[in-house]
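*Asks:* Chain by chain, the residues run as shown.
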Amino acid sequence: MDTIIETTRGTVKVIRFNKPQKKNAIDGDMYLRVTKILNTAASDDEVSMVVLTGTGDFYSSGNDYSVSRPEGAWLQILGDFIKAFITFPKLLIAIVNGPAIGIAATTLALCDMVFASENAYFYTPFSKLQITAEGGSTLTFPRLIGQRKAAEMLLFNHKMTAKEGLESGFINRVYKPEELQSKAWEKIQEILKSFNKMIPMSTKCIRDGVWNSDLPVSSLVKGDIVHIKAGDVIPADIRIIESKGVVLCCGDLTALGRVAGLAARLQPEPSPLAREIRRFMRYMSIWALSLGVIIATASIILGYPFIQTTIFVIGMIVANIPEGLQPTITASLTLTAQRMVKKNCLVKNLEAIEALGAVTTICSDKTGTLTKNKMCVRHIWIWDRKYSVADPDFESTLQVNQALKAIKICGALCSTAVILPNGDIQGDASETAILNFLCAYDDPVTASVHLNKRLSRYVVVIKGAPECILSRCTAVVMENGNVNITNEVKKAADNATEDLANTGERVLAFADLILDPKEFPMSFDFDTEEINFPLEGLRLIGIIGLKDPPRDEVRQAIERVRAAGIRVMMVTGDHPATARAVAIEVGIATTAACHVITGNDLRNMTSDLLYLTLEKHHEIVFARTSPTQKLQIVEACQRQGSVVAVTGDGVNDAPALRRADIGISMGITGSQVSKQTADIILMDDNFATIVLGIEEGRKIFDNLKKSVCYILISNVPEVLPVFMFILFSIPLPLGVMTILCIDLGTDMWPAVSLSYEKAEADVMERPPRHGDPLVSARMLRLVYGHLGLIEFAAGMYAYFTVMAEHGFYPADLFGIRERWDNEAVNDVRDSLGQEWTYAERKELERACQATYFIAVVITQMMNGVICKTRFNSIRDVGMKNHVLNIGLLFELVLAYGLCYLPGINNFFCTYPLRLQWLFLAIPFSALLLAFGEFRKYCIRKKLFGGWYNEMTFY
Amino acid sequence: MASKSNGVEGSEWARAPPPTGTCMGRVAKIFYDPSDGSILGRTPKRWGIALVFYSVFYAVLALLFAACMGGLFLTLDENKPSFILESSLIGANPGVAFRPMPADGVLVEVTNNRTSESYVRQLREFLAPYSNDSWFTAKSGCTEEDNYGFPSSPCFFIKLNKIYGWIPDLYDVSDLPSDMGSDLVEYINSLQPPEREQIWVSCWAEAAGSGSVEYPWGAGLPARFFPYVNERGYRAPLLPIRVTPNVSNSTIAIRCRAWAKNIRYNKSLKEPSGYARILLQVNDFDA
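Protein sequence lines, in the order shown, are assigned to chains A and B.
In this text, residue positions in the first sequence follow full-length UniProt numbering: the first is 1, and each later residue adds one.
In this text, residue positions in the second sequence follow full-length UniProt numbering: the first is 1, and each later residue adds one.
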């Protein structure tokens, strides 16, 4: 019996230890065999990997001690065996079907992958046998499973179970014994598949007159003559000479290489969001600093000590800088990116998703993005009618038609595409489409029957451009028989051709000719080089229109995008007629008169002319363009001030993708370079996904606005008290510490949680935010002119209440500051004649400030609710944003904590308030809500001539 | 939707043409644009409308604020604070104050006739309401006649802060606190029992020997003035002390403590309680 069974499975060499009676123990002969197999496989190009396994329920019990050993040479044999494992350059996989002991276990450590059954264990009892651990295991084991585990195994004879092996990283997978082979082979097939993708491309070429059928593409040099055929990837820049090509440039010097280089050099514009934030921050800083300067000046003039002035200024600056903005942005972007991944849209550059919301122009690819990238037979013209394949009656109406039968035969025979054993069709797109069509309406088996017929007489079948075919035809198939071609028939056929071509379909005519068996007997030797058979007087069968159909969702998606005021342009390398037809079909163009610019036109255009063309025509289709022209188009659009999104999948799209504000690559068809350059990857290659992105992006910006609005509102009640203090000389209504509490404490969470808001109803019904800043004059009007003042009123009311309840009536507060803040004055009189010491006054001041703070917090909570929506009524939206709800609750709890926790309230200059002072702001909260809802109602209904829309709709 | 479905026709969001004219002209246009007669970007009519909208909004806000304040005043008593004594932040520990108040808020510095005169004027104004009170007019020393001791040995009027409803808890003569100065104890013991119903006041120079203090009207504020309940014509009791500096051209600190069981004394300068501290500097000048 053979102790080593060597089999080949495809490109996989399988070695099986086959000595089940001795638990697959390995003897000298087996060592030599395995060593030889491995060394042969190492240099055998047909072998991609070697799989080791054993017969029975043992993998191998290691050295076979029962067989006499060839003395002396033994060590040599073992050494060579181990060396074969170590030096084996290809993939080595072990399927461990049972226990592996001794050298069988140590060699496992040298395999690339190990799959084991549940009953397997690994056992290396070297110390028991009093021999050194062999096979490099002292090196490999610690590296694999760690020093500790290795010591256990190699020194203490630990028996490692399969489960333990899996945990410690000794093996890859554990399967049930009965499933082991099938599952392991499944994995191996997977690996093989991925291998195929990694195989370097090779080409056939002639160099120095020597035919080289398998030269790696990377070693092509200038001057090589390469042979290419349909479907091959062109390996370098070549010049075609009689169906061969002379290599002109390779590598980075090729046109494609230069394009890739161009992409790396181009600098993308900063994202619209980044620009917006930078601008906002600049204005905000200037505003805060100038306020700080005003306050500082006033404070110093009023004689406050320097340190107090500094605190005022810091307070002012902190009050005005929107600290919550950055966390809000990050939260929005991250959340959205996560959500988009679930919708098949991978966001690489977080800011790009927001930029997508600002997009004004989309330059879309045609093939694969707008269309399915799959040619289909759409129409068939058979004398004298056009039939649509999509028509549900198509099959029944044509069932008995002679012509259809003929077209089937012709289509099946006259094709270079082949059906692979597994049912896939391989060949050029049109041929595949025709075969697919035939498969759908006819069993391919019947085609073979016709082949048999061919044995009795030859049939010439031909297909090609209609004008070529028509001129060779003398007859045409009608429903019941053949009719000679007349001018009338010819005209009808011409019309049909033109008709189909105009809808962007690729048109093919089919014809055949039955050869006379006498003239062309079975033994006739046909020659296609010097044609020795008639190609005239053919019989016209019919005309087929092929088309790459648009994706189903695309038309609707484009409708939505256009409703959102975004311009969609198609940039394709296709024929203008095809491009136009697809544009009309998907809705990029609404009239047949849409402006089509070909690559040639573009080349002759100055940049000004392109600019003007883009201004003049809204619907533009770019056809027959080259990749660099895509870049030109993007730049022209950007010069117009557009925010441009570009879709692309090829290497040559990379520069445009990088230059665009948002580069969108395709997950399925996209090349690596394009994916690397892109900001967003559509995992399903679907244009409709972009619409989701736009919606999400706009939502982000909306939510940012809400958040900023919320943050800015509390600035008003923070800043105005200082002005009250300076202008009216009242005791300071809100201290610096409490300002910090609002800005860095209570406002934070609600501000961030506004980014969890859902999109509003109008999000896709308004134009892109062109020139619409994050903080607009409208928002400032709303914040500083309306909402903020309500909060301020609430705060002042709370402040006056506490003062009045202690005897200081508002009228007496004005002008009191100088005495109030003078430490030496120990008897400041209130409205009821009581006299207050400095300490007592300051305690009262703290209580007032704390009440003001609570009033601001309570009105800010209501503002959180108001800022949830810009457009919708809160009644329709509801309080479904639980992050915000918890945030509002947190705001309240935090505010109370700041006031009531002993120690904390001392530090933050707040005060444990009486219960009734906590509710002073409620009427103002109600006014806020009422005004907010009234304003939004007016905005929705455009009341008062859209006054609120114009003034406060941020 | 349909109207927007293709943005070809002049949509509302179409860009405006770029501004024309010179830089100055464009700036001028901001203030007054003759093409539509707009001033600062708005025609007078639009300004009017804006004014109306804002006034309505502010009127509503002001109304609400006024209503709230009105509600607040409804709950307030005209004469009595909402919270008194311990329930109020003023507490039940009256502060001790003095007149005249230092001109710079800290130091009473008598350097020339003019400063001296200003303090005298301040005292005259402060004491004017008392001119009809018999207990006040009956007193001698530290009166307008002797120019309140200014400039050489000025008088200071010590007073307790008015706290609504506060009643002093007086010391029993038999149970005077141990830290009370022997002078004061002696003085108290020398008084007739009906006259012992007083909040005692003792003053001393913080640096011993830097100045001497006299009590021309006695060393107590009569308890009959308490409690203060904001009645019409109420005038708080006063107690003048006369300070005679023993050193010239330097500052002396006089501390005046008020004595009652419910006047807490904290000698700390940071959290003072129960005393007033007078910083006085009398410079040599030719009177």
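Calculated directly from the structure, the hints in this document are not laboratory data.
It cannot be assumed that every hint is accurate.
[To be verified] Examples of chain B residues toward chain A, derived with CB under 10 Å:
# : residue
1 : Trp-47
2 : Phe-73
3 : Thr-75
4 : Pro-81
5 : Leu-170
6 : Tyr-171
[Unchecked claim] As a list, the in silico SDA-like pairs of lysine to any residue whose alpha-carbon atoms are at most 25 Å apart:
#  : chain 1 : residue 1 : chain 2 : residue 2
7  : B       : Lys-270   : A       : Tyr-304
8  : B       : Lys-29    : A       : Trp-383
9  : A       : Lys-942   : B       : Gly-48
10 : A       : Lys-758   : A       : Gly-897
11 : A       : Lys-936   : B       : Leu-61
12 : B       : Lys-261   : B       : Ala-223
13 : B       : Lys-270   : A       : Lys-936
[Said to hold, decoys possible] To give a feel for the contact side, a few chain B residues facing chain A, derived at Cβ under 8 Å:
#  : residue
14 : Ala-92
15 : Gly-95
16 : Ile-167
17 : Tyr-187
18 : Asn-189
19 : Pro-193
Glycine is no exception: its CB is placed at the ideal position from the N, C-alpha and C atoms.
*Asks:* Does the CB of Pro-81 of chain B sit less than 10 Å away from some CB of chain A?
*Replies:* holds, 4 Å
*Asks:* Interface hint check: Tyr-187 of chain B, Cβ to nearest Cβ on chain A, cutoff 8 Å. Holds or violated?
*Replies:* violated, 25 Å
*Asks:* The hint names Gly-95 of chain B as touching chain A; please verify it with the least Cβ-Cβ distance against 8 Å.
*Replies:* holds, 3 Å
*Asks:* Does Ala-223 of chain B sit within 25 Å of Lys-261 of chain B, going by the straight-line distance between their CA atoms?
*Replies:* holds, 13 Å
*Asks:* Let me know if the C-beta of Phe-73 of chain B comes in closer than 10 Å to any C-beta of chain A, holds or violated.
*Replies:* Check passed: Cβ of Phe-73 of chain B comes within 7 Å of chain A, closer than 10 Å.
*Asks:* Take the C-alpha atoms of Lys-758 of chain A and Gly-897 of chain A, compute the straight-line distance between them, and say whether it is at most 25 Å.
*Replies:* violated, 31 Å
*Asks:* Just to be careful: measuring from the Cβ of Asn-189 of chain B to every Cβ in chain A, is the smallest value less than 8 Å?
*Replies:* Result: violated, 31 Å to nearest chain A Cβ.
*Asks:* Should the interface hint for Ile-167 of chain B be scored as holding, given a Cβ-Cβ cut-off of 8 Å against chain A?
*Replies:* At 15 Å from the nearest chain A Cβ, Ile-167 of chain B fails the 8 Å test, so the hint is violated.
*Asks:* Next pair to validate is Lys-936 of chain A with Leu-61 of chain B; report whether the Cα-Cα distance is within 25 Å.
*Replies:* Holds, at roughly 18 Å.
*Asks:* For the hint on Pro-193 of chain B, just tell me whether its beta-carbon gets within less than 8 Å of chain A.
*Replies:* violated, 31 Å
*Asks:* So, as I understand it, the hint says Leu-170 of chain B touches chain A; can you test that by seeing if any CB pair is closer than 10 Å?
*Replies:* violated, 20 Å
*Asks:* Hint check: Lys-942 of chain A vs Gly-48 of chain B, CA-CA at most 25 Å. Holds or violated?
*Replies:* holds, 19 Å
The earlier numbered hints that this structure contradicts are 1, 5, 6, 8, 10, 13, 14, 16, 17, 18, 19.
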